[in-house]
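Using the sequences and the accompanying hints, generate a full structural model.
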Amino acid sequence: MKRLVISLLVIIIILPAVFTIAKNKKGYKVVTGTSTNTKSIGKDELSRIFLKKKHKWGDGVRIFPVDLVESRKERTEFSKDIHNKKVSSIKAYWQKQIFTGRGVPPPEKVTDSEVLDYIQQHEGAIGYVSNSTSIENLKIKVITVTDD
Amino acid sequence: MFRRFVNKLIFNLAFMSACVAAQSKLNIHGYFSQAFAISQGHQIFGIPEQGTSDYRTMALQFRYDADDQNLIIMQISHERMGKSPIMVLEEGLKLDWAIYQHSFSNGLSFKVGKIQIPFGIFNEIRDVGTLLPFYRVPYASYGEGNYMSETINGISVSYSFFSESGWKIDFTSYLGEWKWIEWAARENPFTQKLTVLVETPQIRNVFGGQWWFNTPVDGLRLGLAGYHGDISGGLSFSEETGIGKENINVFHFSVDYEQTDFFIRSEHTRYFLKENDIFAFSLYGQAGYNIFKGMWLNVQAGTYKAINVPIPLLNIRSDIDYYEDFALGLNYFFSAQLALKLETHWNKSLIVEEKMINFGKDKPFGTNYMILSLSTSF
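Taken in order, these protein sequences are the chains called A and B.
Per our numbering, numbering of the first sequence is gapless, rising by one per residue and ending at 148.
Per our numbering, numbering of the second sequence is gapless, rising by one per residue and ending at 378.
In short, the hints are calculated from the structure, not lab data.
Given the structure is predicted, the values throughout are model-derived calculations rather than measurements.
Note that the Cβ used here is the ideal one computed from N, Cα and C, for glycine as well.
Pairs of lysine-lysine residues, derived as DSSO-like cross-links and limited to a Cα-Cα distance of at most 30 Å, are as follows:
id, chain 1, residue 1, chain 2, residue 2
1, A, 141, A, 109
2, A, 139, A, 53
3, A, 96, B, 168
4, B, 293, A, 43
5, A, 141, B, 25
6, A, 80, B, 168
7, A, 141, A, 53
8, A, 96, A, 43
9, A, 85, A, 56
10, A, 26, A, 141
11, B, 25, A, 29
12, B, 293, A, 80
13, A, 109, B, 25
14, A, 43, A, 73
15, B, 25, A, 86
16, A, 141, A, 43
17, A, 96, B, 25
18, A, 86, B, 168
19, B, 168, A, 85
20, A, 91, A, 43
21, A, 52, B, 293
22, B, 94, A, 96
23, A, 109, B, 293
So the derived list for chain B, only partly shown, Cβ under 8 Å to chain A, looks like this:
id, residue
24, 27
25, 29
26, 63
27, 124
28, 130
29, 131
30, 377
Now the in silico label distances, taken between C-beta atoms and shown as ranges:
id, chain 1, residue 1, chain 2, residue 2, range
31, B, 277, A, 43, 49 to 57 Å
32, A, 130, B, 205, 54 to 62 Å
33, A, 131, B, 26, 33 to 41 Å
34, B, 90, A, 142, 48 to 56 Å
35, B, 112, A, 97, 19 to 27 Å
Here's what the structure looks like:
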């Protein structure tokens, strides 16, 4: 009986925490080259980087953000999570930038491997790929995203 | 099937431009809107009562980023506005704008060339159909070839203050000259036949600017713009037929609140013609709500009035209710880059095109018109 009560208590305490962790687990991870001197980044700063409002890392290296195409679910999640906007709103933002001559959007890649290739080819590049995509044996690292 | 075809077309165009971009520093973008429009009552904005599909805008933009600091952009465009009198000046394909831009490391940048004028919310994007709630930007504030130009031949300087803060201020100042387009229908007293005169007054020594005050409230910004210039020539400002040379001062206020599922905005413009003591103002409001998925319901109301206008033929001065418009529109976005719009307008104005207007005598003419358009951009 005592065992059953303890088991129930454990389940009651642990289960919600497990669900919370599962719910908060992102479907994407933010990645950059191993040469980039950044271990973690705030959501606001990350948003500014992908909207090309911030152009350089702290050490002066130029930032090259790289996006995934609209059809990828990680793009939808990234936009909602980091920009707090729908992908369509971000697309509209870039149309305004383009046709006012203020800027062009980051390149959009279809696959994770294209994103990883881009990051390896461009010093200072940053992107995001599916959580399940392996980055082993690549000169790429994962950056932790914080809530500012 | 059609949607698939269009999506494929957009994809291919985007793919082609991406290929070019990958090989060089060149980016190619563009937009296209095709409409069918029909009016009831009078012809307005080139829309005849029998309808027209000779109604479109398109542009191709070529952008070359030489390096981080130097940039050249050229945009060519094509526009058709049905039977509008100003179409006589419209070339098949024209240089829309072309600039060289240099940016300094401190954020200051300057442009030279044929520059888009930053004026209010829409002046720089006035033909990009996928960014507009209605086919046309509000006439009350932006005119159609008159009152405001899309571009200026000259230079501009831009700078952003407090760019890291929520209270970021974007400032642009410009200097140069441009032309307006104005037209008037004249009736032959013997044959009653109409002749439409189209002229281009010059606005010289223009000095103006646009301030955008961003706020920490996401999507809320306030704008303040204005310019000063010397107008001469054309129908209204020539010494022979009009009121003569004028100094114009224009002030423009904008409030814009945009969220993912709705927007609300309003703009107010005040025009002062110093020499002839004429004052005019325009005001419009616009709101939209995302009903479901890609479907948006938009409303717009606008007015334009001129005060103390000299009427030489009657030798009087008169206040003129020039323009009033109420519009309702339904837009469906297949994607952010492909939109189908249906809009209807109830208009009372003195800009109807198939008759001679007797200012000071005629009351505004009532016209309803409807536009169905498809817009895309890449």
